[in-house]
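2 protein chains.
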Amino acid sequence: MRRFVIGSARNLIESSRQKYQFERSILSSSYRFLSSSPAADSPSSSSSSSTMAHLVSLSTINPKVIECEYAVRGEIVTLAQKLQEEIQTKPDAHPFEEILYCNIGNPQSLGQQPITFFREVLALCDHPAILDKSETQGLFSADSIEHAWQILDQIPGRATGAYSHSQGIKGLRDTIAAGIEVRDGFPADPNDIFLTDGASPAVHMMMQLLIRSEKDGILCPIPQYPLYSASIALHGGTLVPYYLDEATGWGLEVSELKKQLETSRSKGITVRALVVINPGNPTGQVLAEENQKAIVEFCKQEGLVLLADEVYQENVYVPEKKFHSFKKVSRSMGYGEKDIALVSFQSVSKGYYGECGKRGGYMEVTGFGVDVREQIYKVASVNLCSNISGQILASLVMSPPKVGDESYESYSAERDGILSSLARRAKTLEDAFNKLEGVTCNKAEGAMYLFPRIDLPEKAIKAAEAAKKAPDAYYCQRLLAATGIVLVPGSGFGQVPGTWHFRCTILPQEEKIPAIVTRLTDFHKSFMDEFRG
Amino acid sequence: MRRFVIGSARNLIESSRQKYQFERSILSSSYRFLSSSPAADSPSSSSSSSTMAHLVSLSTINPKVIECEYAVRGEIVTLAQKLQEEIQTKPDAHPFEEILYCNIGNPQSLGQQPITFFREVLALCDHPAILDKSETQGLFSADSIEHAWQILDQIPGRATGAYSHSQGIKGLRDTIAAGIEVRDGFPADPNDIFLTDGASPAVHMMMQLLIRSEKDGILCPIPQYPLYSASIALHGGTLVPYYLDEATGWGLEVSELKKQLETSRSKGITVRALVVINPGNPTGQVLAEENQKAIVEFCKQEGLVLLADEVYQENVYVPEKKFHSFKKVSRSMGYGEKDIALVSFQSVSKGYYGECGKRGGYMEVTGFGVDVREQIYKVASVNLCSNISGQILASLVMSPPKVGDESYESYSAERDGILSSLARRAKTLEDAFNKLEGVTCNKAEGAMYLFPRIDLPEKAIKAAEAAKKAPDAYYCQRLLAATGIVLVPGSGFGQVPGTWHFRCTILPQEEKIPAIVTRLTDFHKSFMDEFRG
Numbered sequence: 001m002r003r004f005v006i007g008s009a010r011n012l013i014e015s016s017r018q019k020y021q022f023e024r025s026i027l028s029s030s031y032r033f034l035s036s037s038p039a040a041d042s043p044s045s046s047s048s049s050s051t052m053a054h055l056v057s058l059s060t061i062n063p064k065v066i067e068c069e070y071a072v073r074g075e076i077v078t079l080a081q082k083l084q085e086e087i088q089t090k091p092d093a094h095p096f097e098e099i100l101y102c103n104i105g106n107p108q109s110l111g112q113q114p115i116t117f118f119r120e121v122l123a124l125c126d127h128p129a130i131l132d133k134s135e136t137q138g139l140f141s142a143d144s145i146e147h148a149w150q151i152l153d154q155i156p157g158r159a160t161g162a163y164s165h166s167q168g169i170k171g172l173r174d175t176i177a178a179g180i181e182v183r184d185g186f187p188a189d190p191n192d193i194f195l196t197d198g199a200s201p202a203v204h205m206m207m208q209l210l211i212r213s214e215k216d217g218i219l220c221p222i223p224q225y226p227l228y229s230a231s232i233a234l235h236g237g238t239l240v241p242y243y244l245d246e247a248t249g250w251g252l253e254v255s256e257l258k259k260q261l262e263t264s265r266s267k268g269i270t271v272r273a274l275v276v277i278n279p280g281n282p283t284g285q286v287l288a289e290e291n292q293k294a295i296v297e298f299c300k301q302e303g304l305v306l307l308a309d310e311v312y313q314e315n316v317y318v319p320e321k322k323f324h325s326f327k328k329v330s331r332s333m334g335y336g337e338k339d340i341a342l343v344s345f346q347s348v349s350k351g352y353y354g355e356c357g358k359r360g361g362y363m364e365v366t367g368f369g370v371d372v373r374e375q376i377y378k379v380a381s382v383n384l385c386s387n388i389s390g391q392i393l394a395s396l397v398m399s400p401p402k403v404g405d406e407s408y409e410s411y412s413a414e415r416d417g418i419l420s421s422l423a424r425r426a427k428t429l430e431d432a433f434n435k436l437e438g439v440t441c442n443k444a445e446g447a448m449y450l451f452p453r454i455d456l457p458e459k460a461i462k463a464a465e466a467a468k469k470a471p472d473a474y475y476c477q478r479l480l481a482a483t484g485i486v487l488v489p490g491s492g493f494g495q496v497p498g499t500w501h502f503r504c505t506i507l508p509q510e511e512k513i514p515a516i517v518t519r520l521t522d523f524h525k526s527f528m529d530e531f532r533g
Numbered sequence: 001m002r003r004f005v006i007g008s009a010r011n012l013i014e015s016s017r018q019k020y021q022f023e024r025s026i027l028s029s030s031y032r033f034l035s036s037s038p039a040a041d042s043p044s045s046s047s048s049s050s051t052m053a054h055l056v057s058l059s060t061i062n063p064k065v066i067e068c069e070y071a072v073r074g075e076i077v078t079l080a081q082k083l084q085e086e087i088q089t090k091p092d093a094h095p096f097e098e099i100l101y102c103n104i105g106n107p108q109s110l111g112q113q114p115i116t117f118f119r120e121v122l123a124l125c126d127h128p129a130i131l132d133k134s135e136t137q138g139l140f141s142a143d144s145i146e147h148a149w150q151i152l153d154q155i156p157g158r159a160t161g162a163y164s165h166s167q168g169i170k171g172l173r174d175t176i177a178a179g180i181e182v183r184d185g186f187p188a189d190p191n192d193i194f195l196t197d198g199a200s201p202a203v204h205m206m207m208q209l210l211i212r213s214e215k216d217g218i219l220c221p222i223p224q225y226p227l228y229s230a231s232i233a234l235h236g237g238t239l240v241p242y243y244l245d246e247a248t249g250w251g252l253e254v255s256e257l258k259k260q261l262e263t264s265r266s267k268g269i270t271v272r273a274l275v276v277i278n279p280g281n282p283t284g285q286v287l288a289e290e291n292q293k294a295i296v297e298f299c300k301q302e303g304l305v306l307l308a309d310e311v312y313q314e315n316v317y318v319p320e321k322k323f324h325s326f327k328k329v330s331r332s333m334g335y336g337e338k339d340i341a342l343v344s345f346q347s348v349s350k351g352y353y354g355e356c357g358k359r360g361g362y363m364e365v366t367g368f369g370v371d372v373r374e375q376i377y378k379v380a381s382v383n384l385c386s387n388i389s390g391q392i393l394a395s396l397v398m399s400p401p402k403v404g405d406e407s408y409e410s411y412s413a414e415r416d417g418i419l420s421s422l423a424r425r426a427k428t429l430e431d432a433f434n435k436l437e438g439v440t441c442n443k444a445e446g447a448m449y450l451f452p453r454i455d456l457p458e459k460a461i462k463a464a465e466a467a468k469k470a471p472d473a474y475y476c477q478r479l480l481a482a483t484g485i486v487l488v489p490g491s492g493f494g495q496v497p498g499t500w501h502f503r504c505t506i507l508p509q510e511e512k513i514p515a516i517v518t519r520l521t522d523f524h525k526s527f528m529d530e531f532r533g
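Chains A and B, in that order, give the protein sequences.
FYI, in full-length UniProt numbering the residues of the first sequence are 1 to 533.
FYI, in full-length UniProt numbering the residues of the second sequence are 1 to 533.
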């Protein structure tokens, strides 16, 4: 557990060690809990379960792999998958009819419909042979047919089945750069765009580039999206935590950044980069522009690469906040290529589109020299290119139908319907959490999550200890067993030691929210009744 | 250049060092060679080309990134892309009308058409809303509509835009496992299948799992597909080379494996795995079953994981050879889960389908314990899942239309047309190479490549040295400049020191092959005339 090693984060190390033990124990105990044989759709159900030793064992694999953790698909979720299978075979096996996955930002798995125009274009690019058939005009909008032709003309030989340039198809990068310019009001260069299979591989690429050893540190928010801790662990670096201030709506204070930077430097850590997630995951806050300026100034002064996770840029739900990209903020401060190294991550999985399964995304890499960019290109070229459907979709989300386009009306109705519903769901869940005894929940200004804090009774903490679980993991597991609702314990994201949280997505379809609130409220009451001192 | 460090591979180290210097110099010299400003579609054309220092420089990035090389998209290809742009703006800038990319196994970029049935299914899964419209029956085969429904029913909520299980959609893994059983005649477990964005990420995952430090070695063929050397370099391990025997048609001798294993062990290297590429890349040989049995026995005896790159399993062109999976071979020897750890890599990019841009593939992981498989699953879960279109396509290639299906006739006609044409092209190019002075070329039994050996005149080698290039890179660059044909120098794959080769794909469309042969022959004659002693 090398990742949390810095000064005032000592307690976090302890808590993290504990968590590690807790999580390992959750694994075994959840099997006991279920008292069932391993089910079919699980990584743990091998045909090879006898006691003879295998050639490759935990003691001989890369320890960085063992150290890496990813709670969003961790043990609670594995348990939920098992419960789901049990319900399928025995509908009355549990006191609920379905599993409600509030653990992951996966909108379409919960019934969100894709944007029709985007899917029309993708289907036509997948099977261009139908483009000039007469039946196609009855099935697809004229707009999507025209757009598919435009995209095909940007692909050498119209070959959607060919590897593309390793940064992505040039014409699509042109479109994305133009979209960024419209968004920011500052120029964007298509040669700065690297298209990737979702944002995750882009984050890995930057970690791989920047981390040389455990002496290299990456400043990450706590709580954080565990992709970052996992990627830093896999690349053998050190996570330098900075705490978001829950009391000020998960505020990001530059004084806290400075304090953690200095502490880590005094320990011999070379801090290479600062990760900022805006809008926040799991915390849902949207940064104010003034705050962003101070962050840019800090990175410039301290010589840090700014890694800006901006995948929730379309997900802002409150009128008083607006998304500003860090590129726009830094350019508006007069800082250019030579002043700050900045990488912005974007994905087709979030926003109003929620196309997680398409694995599309890009990073815009600015402020790096030609020689370093050639190295990034080389690493991208080893995997040849990202998937073309994902590339096309990334260009579509950065350049959706405009006023006057045939599809604009239906597109904007679909988009606005999804975003306004998400805003309502966020507010309903936030209010519901704040009504629960011992629970406080900041506003979900953006992203897809709430991260309420729960003050657990001493007796519940003791019960968790006896069950060898972190208290928040214990709560989440009890909730799952009682209601079928899947949350992720705060310990999977990091939290101030001694505080407990969980992450809940705002994604269940609106008609299901009242039932979720009822189930959650009833469970919470009975849990508190059971453990109240 | 830590990767080539083993005993008898000393010469290879030297040659590799040289190559490194050569390749670095090719970079600068190609700019001189072109005497043009950086063009638009290149990673090196940054808006930031002044002399001020950037924050992140080559001296401060991860040295493993710098060490990694991938010649398939290396400097010759970057040069070719520049030439192509020049031709577009000035059609008579060069003595040829088009660039012929024979550097990469990217069939559809050279005009190969996708299998219609596969694309129909993909398009329908991309836009399921049209599935029950009447026009759809006029545009798509009844078969593909039915198949799309089947696939959608395997996806929870029919949500093709949702993240799937991190190993891939269970129903698709069932289909793939069934396809493997049909192929091999031995059982396959869907829980052993991990769907990935092409085979490359799967190879990276296994390297990440097995390599702990530079003291861990991976036995790789020389010549090899440079994904392996790149991945080993990125993960900080040591490539332990074994030489394929060119004199016996790129034979893989177990005595050579033993020799290299012992030498590396005597140097303190722990060899973890053996990479075998069958059919061979870049070498095009197909292993005989007896040979494969000896390889399996060697891995079992020596406790090595067998990493079987079987992405060319459909690409066999000679009647006397047949593809046998290593899983089938090991099971036919009576070896099961506990006897040998075996990973088989498959991809949708190769075969007769050639769907490179879809980034689909899988690995079948057998002989690993439950605990290690959970670690593989965890690492897969950090990236959530591979793209769903790629997953669907992977299931289609492992379970294509069968006799009696409506689409069978057109499908099999398309498949056979592609494969028989590839066989003819391989033979034509092989014969053409063998007619060139100083060139010998083994038979292309399979895969998509020829790897001819070229005995260069002493004067040509001196000229290459003067130009600070490897002799084969010099030949390839001269060929490109004269003909527009893009080959990859043998130094990008590794070769016996003092020998020179290049890799040429068999993928240009059949009607273009005669012109390629003529251009190649004319160039070679004039090159040899220029340098003959």
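Simulated from the structure, these hints should not be mistaken for laboratory data.
Please note: incorrect hints may appear among the correct ones.
[Stated by the list, open to error] Computed cross-link-like contacts, SDA-like style, restricted to lysine to any residue with a CA-CA straight-line distance of at most 25 angstroms: (1) B:K258 / B:A247; (2) A:K258 / A:R212; (3) B:K338 / A:S57; (4) B:K170 / A:E86; (5) A:K170 / B:K90; (6) A:K512 / B:K90; (7) A:K338 / B:K170; (8) B:K170 / B:L152; (9) B:K378 / A:A53; (10) A:K133 / B:A247.
[Claimed, not checked] Facing chain A, according to a computed beta carbon distance under 10 angstroms, are these residues of chain B, among others: (11) L210; (12) F298; (13) P514; (14) T518; (15) T521.
All figures in this text were calculated on a predicted structure; none of them were measured in a lab.
Even glycine gets a Cβ: it sits at the ideal position worked out from N, Cα and C.
Structure-based check of all given hints:
1. Annotation: proposed proximity of K258 (chain B) to A247 (chain B) holds, straight-line Cα distance about 19 angstroms (limit 25 angstroms).
2. As the CA atoms of K258 (chain A) and R212 (chain A) are separated by approximately 23 angstroms, the hinted pair is consistent with the 25 angstroms bound.
3. Only pairs whose Cα atoms come within 25 angstroms are accepted, and K338 (chain B) paired with S57 (chain A) is accepted, the gap being roughly 12 angstroms.
4. Of the pairs offered as hints, the one joining K170 (chain B) and E86 (chain A) holds, with about 16 angstroms between alpha carbons and a cut-off of 25 angstroms not exceeded.
5. A hinted pair counts as satisfied when its Cα atoms are at most 25 angstroms apart, and K170 (chain A) with K90 (chain B) qualifies at roughly 20 angstroms.
6. Distance hint between K512 (chain A) and K90 (chain B) is unfulfilled; the C-alpha atoms sit about 62 angstroms from each other, more than 25 angstroms.
7. With a CA separation close to 49 angstroms, the supplied pair K338 (chain A) and K170 (chain B) exceeds the 25 angstroms bound.
8. A C-alpha spacing of about 12 angstroms is found between K170 (chain B) and L152 (chain B), which places the hinted pair at or below 25 angstroms, so the restraint holds.
9. With a CA separation close to 21 angstroms, the supplied pair K378 (chain B) and A53 (chain A) stays within the 25 angstroms bound.
10. A distance of roughly 54 angstroms separates the Cα atoms of K133 (chain A) and A247 (chain B); the hinted pair therefore is violated under the 25 angstroms criterion.
11. A cut of 10 angstroms between beta carbons decides the hint on L210 (chain B): the least distance to chain A is about 7 angstroms, and the hint holds.
12. At a threshold of 10 angstroms, the smallest CB-CB gap from F298 (chain B) to chain A is about 14 angstroms, leaving the interface hint violated.
13. At its closest, the beta carbon of P514 (chain B) sits 20 angstroms from a beta carbon of chain A; the interface hint therefore is violated under the 10 angstroms criterion.
14. Given the 10 angstroms rule on beta carbons, the hint for T518 (chain B) is violated: about 23 angstroms separates it from the nearest Cβ of chain A.
15. The interface hint given for T521 (chain B) is broken, as the beta carbon of that residue sits about 26 angstroms from the closest beta carbon of chain A, more than 10 angstroms.
In summary, the structure is inconsistent with hints 6, 7, 10, 12, 13, 14, 15 from the numbered list given earlier, while agreeing with the others.
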